[in-house]
Amino acid sequence: MKLKNLSVAGLEQFFNAKIAAGNSPALVRYLRTVLRVALNEALRRDLVERNVAELVRAIAVPKPVIVPFTPDEARRLLAAVKGHRLEALFKVALAIGLRHGEALALQWPEIDLKNGTLKVAHTLQRVDGELRRVEPKSEESRRLIPLPTICVSALKRHRVNQDLERAAAGAEWKETGYVFTSRIGTPLIDRNVLRDFYALLKAAKLERRRFHDLRHACVTLLAEQGVDHKTIAEIVGHSDVRLTKNVYQHAQQESKRAGLAKVGKFLGRPVAPSVATPQESKAVN
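Just so we're aligned: the sequence shown equals residues 1 to 285 in this note's numbering.
Treat the hints with care, as some may be off.
SDA-like mimics (lysine to any residue), calculated; alpha carbons at most 20 Å apart, straight line [unchecked claim]:
id, residue 1, residue 2
1, K230, P148
2, K119, K156
3, K114, L144
4, K202, A80
5, K119, T149
6, K82, L144
7, K82, R208
Label pairs and their computed distance ranges (CB to CB) [as the list claims (entries may be wrong)]:
id, residue 1, residue 2, range
8, L164, Y198, 25 to 33 Å
9, T149, G22, 44 to 52 Å
10, D112, I184, 21 to 29 Å
It should be emphasised that the hints constitute simulated quantities derived from the structure, not laboratory data.
We treat Cβ as the ideally placed atom computed from N, Cα and C, and that holds for glycine.
Taking the hints into account, I'd like the entire structure generated from these sequences.
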């Protein structure tokens, strides 16, 4: 399609066709953003009379439904990951709420096992076809997190196992410094992590979930232990405490349902026969 032949109707038809073909709304919205930037440059060079991408209706991207793990489901998952080579990864994601990219970007100098702390300073993203550590989106994402014992123990075992894998790989090992790697030391690829994650969910007899739901589970579990929302936001790196509250409000639905079920059961009990007081007896006579 030539620049001068672009029209609002034509672009909307193009984007709708992309959606109909099975592309995600997020991808189509990204295409619109790229085209808008390109047309702004074309407009600056007098190649077009207007930027029609600015006039196209925004592509709606539905928000994912938040379905955090319940305490029972979290324990079942932990039982399933025991002994897995990425046991520490899943425990860290669940216990301290790391984002997927934050966990995969971790390098050993950022973890102090002696003092039990973990520093989040990067996220792992694919840039120009390569996995790279990049700066986090917000300043709040940079944080120092105290590690619970379950994480410290898992990371110590993971480091020992990584040393064994390094020795077994020999000359094929690539020293990258990453905490979570392939069996030859290279950064982990998203789809491989997700493949293992889905297999573990199946082993734990749990419904398929997003890796990100581990993070939501952390928020929920912290809130249910009485930790205030501001502190939770600082632990998980939320830029706004309202994000923290939103996650927990979704999780509260099951608690509300259970509580109201108890009330309903109480109100549905048979009414015991009343016992008349002496004054009521005289009034009847």
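Violated hints, by number in ascending order, as checked against the structure
Hint check: 6 fails alone, others pass.
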